[in-house]
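Q: Now for the letters of each chain:
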Amino acid sequence: MSYKPIRTLFELPTEENLAPGHRMCSGCGVTVGVRQILLAAPKDVIVVTATGCLEVSTVAYPYTAWRCPWVHVAFENAAAVASGIEAALKALERKGYGKRYPVIAFGGDGGTYDIGIQALSGALERGHRLLYVCYDNEAYMNTGIQRSGGTPYGTWTTTTPFGKVRPGKTEVKKNLMGIVVAHGIPYAATASISHWKDLMNKVRKALSYDGPSFIHLLTPCNRGWRFDPAQTTRIAKLAVETRYFPLYEVENGVYRITVPVPRPKPIEEFIKVQGRLKHLLRPEYADALAMFKKQVEDHYSYIEMMTKATSSK
Amino acid sequence: MMVQKLALSGDEAVAYAVKQCDVDLVAAYPITPQTIIVEKISEFVANGEFEGEFVPVESEHSALSTCVGGSLTGARVFTATASQGLALMHEILYAASGLRTPIVMAIVNRALNSPLSIHNDHADMMGSRDCGWIQIYVENVQEAYDRIIFSFKLAERDDVLLPVTVNLDAFFLSHNVESVELIEDEVVKKFLGRPKRKYRLDPDEPYSFGAMAYPWNCFEFKYQQVVAMKNAYRAFDEVEDGFSRISGRKYGKLGKYWTDDADYLIFIMGSSAGTAKHAARLMRQEGLKVGVVSVKLYRPFPEKEVLEVLEGKKGIAVMDRSISFGAPTPPLASDIRSVMFANDMKVPMMNFVYGMGGRDFSVQDARNIFEMLMKKDPSEYPKETIYYGVKA
Amino acid sequence: MKVKELEEHPTFAAVLPPATSEEYDTTGWRAFKPVVDKEKCTGCLICWIYCPEPAIIRTPDRKIEFDYKHCKGCGICEVECPVKAIRMVKEA
Chain A
66 MSYKPIRTLF ELPTEENLAP GHRMCSGCGV TVGVRQILLA APKDVIVVTA TGCLEVSTVA
126 YPYTAWRCPW VHVAFENAAA VASGIEAALK ALERKGYGKR YPVIAFGGDG GTYDIGIQAL
186 SGALERGHRL LYVCYDNEAY MNTGIQRSGG TPYGTWTTTT PFGKVRPGKT EVKKNLMGIV
246 VAHGIPYAAT ASISHWKDLM NKVRKALSYD GPSFIHLLTP CNRGWRFDPA QTTRIAKLAV
306 ETRYFPLYEV ENGVYRITVP VPRPKPIEEF IKVQGRLKHL LRPEYADALA MFKKQVEDHY
366 SYIEMMTKAT SSK
Chain B
503 MMVQKLALSG DEAVAYAVKQ CDVDLVAAYP ITPQTIIVEK ISEFVANGEF EGEFVPVESE
563 HSALSTCVGG SLTGARVFTA TASQGLALMH EILYAASGLR TPIVMAIVNR ALNSPLSIHN
623 DHADMMGSRD CGWIQIYVEN VQEAYDRIIF SFKLAERDDV LLPVTVNLDA FFLSHNVESV
683 ELIEDEVVKK FLGRPKRKYR LDPDEPYSFG AMAYPWNCFE FKYQQVVAMK NAYRAFDEVE
743 DGFSRISGRK YGKLGKYWTD DADYLIFIMG SSAGTAKHAA RLMRQEGLKV GVVSVKLYRP
803 FPEKEVLEVL EGKKGIAVMD RSISFGAPTP PLASDIRSVM FANDMKVPMM NFVYGMGGRD
863 FSVQDARNIF EMLMKKDPSE YPKETIYYGV KA
Chain C
561 MKVKELEEHP TFAAVLPPAT SEEYDTTGWR AFKPVVDKEK CTGCLICWIY CPEPAIIRTP
621 DRKIEFDYKH CKGCGICEVE CPVKAIRMVK EA
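Chains as they are written, first to last, in our numbering: chain A, 66 to 378; chain B, 503 to 894; chain C, 561 to 652.
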């Protein structure tokens, strides 16, 4: 679908739909991403947010950090609420009473992988014209760093601490993109806050489709991942450079890696700077480290394989 | 005025009303015995007779969530459910009333698991009676049709802006066919007009909805809903007057049948009110001074009307089709007892639970209740709940 | 003072007009604050696109300045500036 690509930062507007003065943590990865997304999107959008860091810290009466229309209803239903807004506007426009503005739903990994998976699946299956963004900080951060379906294997969280018999989380990170792509939607992509041009063009591409689109955005959390807040964007970059979080898109079933990583940095570079993963470098967790590496490698190989397999389409 | 009369089931009648009300969005999930409502609406969609969007959601929780989102754009929204579906929506019921979305929802009252029962009782709505929605119970199919139209008018008032449930009994009303007089399409459309909501999701005038509140302001937001409920109570009669002008029908907060000079009354809700009415009619022919109060408006509770009808009565039976486990009395009985006590009224009262899980309540059963009232000395009415019809 | 009025007169259903958060001052959140050397600054806007607040203002001379009322002192801008024009200095 056609869209106007972004080439430089100068062409972006100075007026933003996210205003400062919100209570997100200093150095929060989520708002870096949300800002980039809203700068790429048209000015007139309607935003839905699930309960979580983004919702609670941007709107607490009487403060709101949103300039665009915004709604929060509950934890697991951002996709359902967005569906309702989209459908109502469709009817209103058809009857001559309103206009179909773009609708963007934001849900954390908790509100998307776990409690929100049903509503997301339903919205994708029904084909609503909306963009769902999962901002993934890989745990239930707002409630104090508990594990989610998006927490990687071997990660420390308060409900999966490492100890004498456990190396951290013993389950693997759910393949969210796989689940989303299985719904056959026109556009789905992964993105990182470190690669702003890649993210912004994916947002514009996503919004150009008359159907559901999905962006899985990696948003490092300095509180939960245990690193210096100044390093947020660097860690997001390392995630890409070590192939931990491959940046790709799936457009009508065709996979394409948008930021190839031909010579990946060793995964230890990513691990050693985060308190939640550092323990994997200790000798007693050698097996867990091997498992962690294997998952990263397998996942990247899978994406490469899918890229090859679907390239002839 | 060409009046169209059709033989419709309760579910079908609700669907016809929705078709006429210029509804913009219906988001619903099927559950017995509400399914015919969504199926009929789907037929209307296929024939181009329903111009709104029908969204077949993947659960009732999403159904109401979708409705809330849609309602906040300023659209007119409807849904329907029953039993487990209503229970699944429970958290969003509070969100809908807190966000002041004038959604109209038909509830086809059905028992709650476990054990599973697809049959009628009021456990589902009573289990959520504190959610801040206006709650209306209908006695017959005509009333089900009428109350859908009525409820949009009441809900969308600026001084109300609360969602409404219209409760109809599973199978007894949802599936039984009765004669329904439809109001003309244009008359309904003109009566309702278009919803006019100031605070909407609109980029031309943006707002944030669903903020987090703190201990120093949350209470005030909840109190706004209390005031809205009171306004709904005050506005009810005015909306009924307007509705009776276009339909010739008026129902009242309480349906009062031979209550003026009655000595003994049955208070009852839903389709069984019709059954009790029939028993009362037969007994009146025998010269017995009995009457029936069909409680139509349950929330906000019509305290003043209840006190008026209790004046001078020798004894009353309050019939509940739901149990409040562990409570001194079931829901309706609790409300009536509390209203009497607050107003120094001491009409002797017996309270009953009947018809759970769809157990039939016959004309003879209603007679039996009246006879219990008449045969016992009112000063010796038992205070404990009588579980009428249970094989203990 | 919109916020004060909203506090004293709770709005209908807690509905809020846009961007009232701008009144909230996060100066106290900082231990360090960013300072830009305008000579070195090339106006590339990299710091601006990575700021979580945003607390960086694009100035008419095609450079940047900081919105100190809303800066939380995270230091991302110092790390990301390609010409090292930004320094985090200790708050007084």
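Heads up, a few of these hints could be off.
[Unchecked claim] Mimicking DSBU-like on lysine-lysine, the simulated pairs with C-alpha atoms at most 30 Å apart in a straight line are:
#1 A:302 to C:650
#2 C:564 to A:262
#3 B:806 to B:507
#4 B:698 to B:724
#5 A:164 to A:108
#6 B:724 to B:758
#7 A:238 to A:160
#8 A:108 to B:758
#9 B:806 to A:164
#10 B:732 to C:564
#11 A:160 to B:791
#12 B:724 to A:160
#13 A:330 to C:650
#14 B:758 to B:877
#15 C:598 to B:698
#16 A:164 to B:893
#17 B:791 to B:806
#18 B:758 to B:698
[As the list claims (entries may be wrong)] So, partial list: chain B residues that the calculated Cβ filter (under 8 Å) puts toward chain A:
#19 590
#20 592
#21 594
#22 737
#23 739
If you are wondering where the hints come from, they were derived from the structure by calculation, not from laboratory data.
Positions of the beta carbon are idealized from the N, C-alpha and C atoms, including for glycine.
Q: With reference to the structure, classify each hint as holding or not holding.
A: Okay, the hints, checked on the actual structure:
1. A:302 to C:650: Judged against 30 Å, a Cα distance of about 27 Å means the pair holds.
2. C:564 to A:262: Violated - the C-alpha atoms of residue 262 of chain A and residue 564 of chain C are around 39 Å apart, more than 30 Å.
3. B:806 to B:507: Between residue 806 of chain B and residue 507 of chain B the Cα gap is close to 36 Å, so the pair fails against 30 Å, i.e. violated.
4. B:698 to B:724: holds, 23 Å
5. A:164 to A:108: Holds, at about 14 Å.
6. B:724 to B:758: violated, 33 Å
7. A:238 to A:160: At roughly 45 Å apart (the allowed maximum being 30 Å), residue 160 of chain A and residue 238 of chain A break the hint.
8. A:108 to B:758: violated, 57 Å
9. B:806 to A:164: Roughly 45 Å between the alpha carbons, so the hint for residue 806 of chain B and residue 164 of chain A is violated.
10. B:732 to C:564: Between residue 732 of chain B and residue 564 of chain C the Cα gap is close to 29 Å, so the pair holds against 30 Å.
11. A:160 to B:791: violated, 55 Å
12. B:724 to A:160: violated, 35 Å
13. A:330 to C:650: The hint is violated at about 34 Å.
14. B:758 to B:877: holds, 23 Å
15. C:598 to B:698: violated, 52 Å
16. A:164 to B:893: violated, 60 Å
17. B:791 to B:806: holds, 23 Å
18. B:758 to B:698: violated, 35 Å
19. 590: Status violated, d = 11 Å.
20. 592: With a closest approach of 11 Å, the residue 592 of chain B hint is violated.
21. 594: holds, 6 Å
22. 737: violated, 25 Å
23. 739: Status violated, d = 30 Å.
Comparing the model with each earlier hint shows violations of hints 2, 3, 6, 7, 8, 9, 11, 12, 13, 15, 16, 18, 19, 20, 22 and 23; every other hint is respected.
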